[in-house]
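Undergrad: Each chain, letter by letter, is given below.
Number of protein chains: 2
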Amino acid sequence: MKRIGVGLLGLGTVGGGVYKALQSQEDVILKRTENLFEVRSILVKEKQKERSVNGVQSLITTDFGRVLEAGVQVVVEAIGGTEPARTYVERALKAGCHVVTANKELMAKHGVQLERLARSRKVQILYEASVGGGIPVLGTMGHFLKTNRLHRISGILNGTTNYILTRMSREGASFEKVLAEAQQKGYAEADPAADVDGFDAVYKLAILCRLAFETDVPVRQIFREGIRDITPEELELVRKLGYAVKLLATGEQYGEKGPVSLRVGPTLLPLSHPLASVDGVYNAVHLEGDVVGDVTLVGRGAGEKPTASAVVEDLCNLFRLPPPRLPLSEDSLLLPAGEAGGSRFICMRLGNREVPDPEQLCQRLEGIGLEVVDAVSSRDGVAFILRRWDPSYTSMVMTELGLEKSRIISRPIRGIIFDQERQSEMERVV
Amino acid sequence: MKRIGVGLLGLGTVGGGVYKALQSQEDVILKRTENLFEVRSILVKEKQKERSVNGVQSLITTDFGRVLEAGVQVVVEAIGGTEPARTYVERALKAGCHVVTANKELMAKHGVQLERLARSRKVQILYEASVGGGIPVLGTMGHFLKTNRLHRISGILNGTTNYILTRMSREGASFEKVLAEAQQKGYAEADPAADVDGFDAVYKLAILCRLAFETDVPVRQIFREGIRDITPEELELVRKLGYAVKLLATGEQYGEKGPVSLRVGPTLLPLSHPLASVDGVYNAVHLEGDVVGDVTLVGRGAGEKPTASAVVEDLCNLFRLPPPRLPLSEDSLLLPAGEAGGSRFICMRLGNREVPDPEQLCQRLEGIGLEVVDAVSSRDGVAFILRRWDPSYTSMVMTELGLEKSRIISRPIRGIIFDQERQSEMERVV
Ligand SMILES: NC(=O)c1ccc[n+]([C@@H]2O[C@H](COP(=O)([O-])OP(=O)(O)OC[C@H]3O[C@@H](n4cnc5c(N)ncnc54)[C@H](OP(=O)(O)O)[C@@H]3O)[C@@H](O)[C@H]2O)c1
Ligand SMILES: NC(=O)c1ccc[n+]([C@@H]2O[C@H](COP(=O)([O-])OP(=O)(O)OC[C@H]3O[C@@H](n4cnc5c(N)ncnc54)[C@H](OP(=O)(O)O)[C@@H]3O)[C@@H](O)[C@H]2O)c1
Chain A
166 MKRIGVGLLG LGTVGGGVYK ALQSQEDVIL KRTENLFEVR SILVKEKQKE RSVNGVQSLI
226 TTDFGRVLEA GVQVVVEAIG GTEPARTYVE RALKAGCHVV TANKELMAKH GVQLERLARS
286 RKVQILYEAS VGGGIPVLGT MGHFLKTNRL HRISGILNGT TNYILTRMSR EGASFEKVLA
346 EAQQKGYAEA DPAADVDGFD AVYKLAILCR LAFETDVPVR QIFREGIRDI TPEELELVRK
406 LGYAVKLLAT GEQYGEKGPV SLRVGPTLLP LSHPLASVDG VYNAVHLEGD VVGDVTLVGR
466 GAGEKPTASA VVEDLCNLFR LPPPRLPLSE DSLLLPAGEA GGSRFICMRL GNREVPDPEQ
526 LCQRLEGIGL EVVDAVSSRD GVAFILRRWD PSYTSMVMTE LGLEKSRIIS RPIRGIIFDQ
586 ERQSEMERVV
Chain B
166 MKRIGVGLLG LGTVGGGVYK ALQSQEDVIL KRTENLFEVR SILVKEKQKE RSVNGVQSLI
226 TTDFGRVLEA GVQVVVEAIG GTEPARTYVE RALKAGCHVV TANKELMAKH GVQLERLARS
286 RKVQILYEAS VGGGIPVLGT MGHFLKTNRL HRISGILNGT TNYILTRMSR EGASFEKVLA
346 EAQQKGYAEA DPAADVDGFD AVYKLAILCR LAFETDVPVR QIFREGIRDI TPEELELVRK
406 LGYAVKLLAT GEQYGEKGPV SLRVGPTLLP LSHPLASVDG VYNAVHLEGD VVGDVTLVGR
466 GAGEKPTASA VVEDLCNLFR LPPPRLPLSE DSLLLPAGEA GGSRFICMRL GNREVPDPEQ
526 LCQRLEGIGL EVVDAVSSRD GVAFILRRWD PSYTSMVMTE LGLEKSRIIS RPIRGIIFDQ
586 ERQSEMERVV
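Sequences listed follow chains A and B, in order.
Numbering of the first sequence is given in the numbering used here, commencing with residue 166 and proceeding in unit increments.
Numbering of the second sequence is given in the numbering used here, commencing with residue 166 and proceeding in unit increments.
If we strip away everything but chain A, and leave its shape as in the complex, we get:
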């Protein structure tokens, strides 16, 4: 048995969960890894706050220096944000401690530098909990898909937005209403921007793509679109067409060491797509590699226990798995997230104008040279799917339909398998 001293930075949802899990799983951890993790110091902001965990008062400090003096080999960072988290993580690494963190913003923005620092000090920094909560996606990529060239990653990486979209779709309720309820119940933050505007998903996508494509993309440069403009009417039209809308994060690489394209935004998925049925607060990641084909991982993307599970697994793996590689190509090209080329869902609200018949609509659009896959209408809107989309079509469509002043929403579609292709696809993969 090896005793390992742990310093905990933060005792909120994640920090508290980690403390409890180290207690409740102590015997399992000991049996399976021969390690005993002892929390020796806990850094918080407010010393006097009531805590949901018992017996920690003597460990609590507001002075980071005390943590490093407490005889710790590992520091778990569960504060969040970039400062002071970044400074503390750097100081821990420089002091020769391993670091485990759940902080996606920190790892997205400063991960490369922190990993280099860790390497130079012969320690490790692991961050499984920062992406997909309890889903072991970073570990899977690093240890079980490492002989594959990954060329595409698609993920539902934010539980709050997935929960909002699921409820909007099931109840026909508006974004504002569902968000307000979620905030009231504590499922969404008072300032929801990080979630609903896609920042959180962008951080996670940056981390995933760094590992998959070995390329470091500044988070500012990642195309990002949130879910604020999605209406229950749009979701109804989407469902009628046989799709689901998800806030999807996608990363693609075109050829080994080739250019990459990253995007976070509302995306249609055919209901048969493995990610389409990932509802509520579940997260999921779909990985495509050149030998394995595709692998999808689904699980709880946040919450005290799933996140603690990932942190505690990392804690053990510090002492049993080889350190992650860090072979970055410095010069990868970031392509603009393609608005053109792929299939696209187009949706228009008509207000009090007459709703055209879907069949006539198809004919008229085909008359101007567009390839329409399907069209539907609702009480006050129309929607259709074009096999190939180009932004220049916007004005063509509006003119043809006499809807110059309408708002036109267009969303990409992923994983389309049109009917005739589906059968052969199903057979091909046998």
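If you're looking for bench data, these hints aren't it; they were derived computationally from the structure.
Treat the hints with care, as some may be off.
No copy labels: a pair is met if it fits in one copy or bridges any two.
[Stated by the list, open to error] Each computed DSSO-like pair below joins lysine-lysine, with the alpha-carbon atoms no more than 27 Å apart: (1) K167 - K196; (2) K274 - K212; (3) K274 - K196; (4) K167 - K214; (5) K167 - K274; (6) K350 - K185; (7) K287 - K210; (8) K185 - K570; (9) K259 - K167; (10) K350 - K212; (11) K422 - K185; (12) K287 - K167; (13) K210 - K259; (14) K167 - K422; (15) K167 - K342; (16) K185 - K210; (17) K185 - K196; (18) K422 - K196; (19) K274 - K422; (20) K405 - K212; (21) K342 - K405; (22) K274 - K259.
Given the coordinates of chain A, work out where chain B with the ligands should sit on it, guided by the hints.
TA: Showing chain B with the ligands alone in chain A's frame:
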């Protein structure tokens, strides 16, 4: 760079795939693991057979002894079946070679003994490809869920039967017709028993449950039911009720070191269940642990490339991950797969008798004290869901409906979340 000699037993679908993947991924493997795997000898049955891989003729032998003399540190077993595979694997381990195998029958029946032998010789035996093809489920359990107590595993573990059920359900075709077509195209074996009668899934379930519950269950003792009796009519009724039928393998453990219950058989899943939409040849495993909640892994369960991916990942991991643990409790109790207690789908063909109205049917069944969740009828059958089932209900139901000579089919339902529960479930997990 380390050169590692590999002996390949078998050059069929899996062996050929492994040979090709070691070539196509050579640079990726070298970059990420600093290993170079060299196939130095290949054992086959028929020396003169045409091979789908080039340049192997000089490596091919029909004498196993030659493989061990070729300077190999690892033997990949891709022959299948128990003999001579078992003898060869034992000889390889005794000669101090690591072994990687894709052979579920071998590992289900003799895994414990082979792992003990490996341990005593200070070598490893890895078998990721034996369960779920390209899905890294064994690795995930061993390395990323090891601090969790797993209490339930549910899997779609056989691609052939999932493909047959998917086509039957989509096309309304009979089992015999779809099977015959699948055989003609080479997607199902000439003797389909291993797949359609559930043996293959039983082997995989035994392996999964050994790792998850640390208990070794003889495959003969696992409850097993195949898919031969499923009709398109039944699938139609199931769909009308909002469910999908899958050949599901389930393992549960009641309390740490508690008794276990294992079962392979057709099972209904609500369409919102993460496994319900796993179609075609895809496999999936749903794992439930005490900290992580649940994690689902989906991917291609068979085929040359996905299986080769798993074997090649194992090959690399032999030299970089700690050996799997083997802490078996010798005395676990195997419970009979429960026919009673849970919710159940009941389906009857009526032949030329009159089909009762579903609402009346509910009332009549409730009249005799049964709790009916839902009922539907088709042209020549009825089906309903009972919240709790007991085998003694069979005769009660038949008598009440005046259907004494009908055949009654009953199937368990997993992961039911009835409507009023679903909402709170969704919120609970945030
Ligand atoms: N919540 C989740 O489900 C989840 C999931 C995955 C990843 N994460 C990530 O995990 C991290 C922590 O999230 P959380 O939900 O646990 O946050 P939280 O509940 O707000 O807890 C933050 C903790 O950090 C402490 N803290 C804040 N600022 C500090 C400072 N300047 N100095 C010292 N301590 C400070 C707080 O102390 P007081 O208690 O004294 O206020 C609190 O204990 C974030 O990076 C988040 O993105 C969270
Ligand atoms: N196929 C899949 O997608 C898949 C997926 C996961 C796991 N697996 C497992 O992988 C294993 C191999 O399956 P497979 O599909 O590759 O089988 P396969 O295509 O039938 O190939 C079997 C190979 O083993 C050789 N062989 C058979 N009997 C032998 C003997 N007595 N001595 C020496 N060589 C012998 C054969 O030699 P010849 O070529 O000379 O006939 C052939 O090359 C099985 O355990 C299977 O369950 C298969």
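Undergrad: List, from low to high, the hint numbers that the structure doesn't satisfy.
TA: Violated hints: 2, 4, 5, 7, 8, 15, 20; rest satisfied.
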